[in-house]
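Residue numbers (the working numbering), protein chains in the order written: chain A, 1 to 111; chain B, 1 to 114.
Rather than coming from a laboratory, the hints here were simulated on the basis of the structure.
Fair warning: there could be bad hints in the mix.
In silico DSBU-like cross-links for lysine-lysine, where the CA-CA straight-line distance does not exceed 30 Å [stated by the list, open to error]: (1) K78(B) <-> K98(A); (2) K11(B) <-> K98(A); (3) K83(B) <-> K15(B); (4) K60(A) <-> K11(B).
Source: prediction; values computed, not measured.
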Amino acid sequence: GNSVTQMEGPVTLSEEAFLTINCTYTATGYPSLFWYVQYPGEGLQLLLKATKADDKGSNKGFEATYRKETTSFHLEKGSVQVSDSAVYFCALSPNDYKLSFGAGTTVTVRA
Amino acid sequence: EAGVAQSPRYKIIEKRQSVAFWCNPISGHATLYWYQQILGQGPKLLIQFQNNGVVDDSQLPKDRFSAERLKGVDSTLKIQPAKLEDSAVYLCASSLGRDTDTQYFGPGTRLTVL
């Protein structure tokens, strides 16, 4: 079946630090891959996505590259801000467009 | 453009009581989803509608959960009777069509069953 494994949190960083959240997946075929973010008190928002191998999704300074050979979609940001504090979810969607989510990683950025 | 609306935002009930959640998707979105998000876990799909028809309800505990989208717009999810393990955030999402992979989520309803 389809599944997503994310790096366990919580992750605590200082402002301007480099952030990486690991995500690996298991799926049949070639799914689309997503990162969703949930800020405190808000709903899930799509952060970025990639629909085929070697695609790079990017948004708000975050990037993730679809790596078919390692079945990974790691999220990175070069310099985090306090406003990046949130829960980050990796997800996949195979051809039937049903999302399967990872467990989420809580990130706290301190000033 | 208005986002996905959900109500209520919070609900506390006792076990064996019933509860209903409401969702209004983004205007023009044909596909509507209900997810259950238990604390510390990612959202899990409960049911997917395409217009007013059910596409997938394989993960819906049908002995106690029901959902409808009678006019193909807003939707209601009901739990009757509730159990302690139903405590979770219930998320509604919508997308333009079944073949569109970007889903837009509402703020969720946090249910606590005592």
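Discussion item. Hints numbered earlier in the text: which of these fail when held up against the supplied structure?
Written reply: Of the numbered hints, just 4 does not hold.
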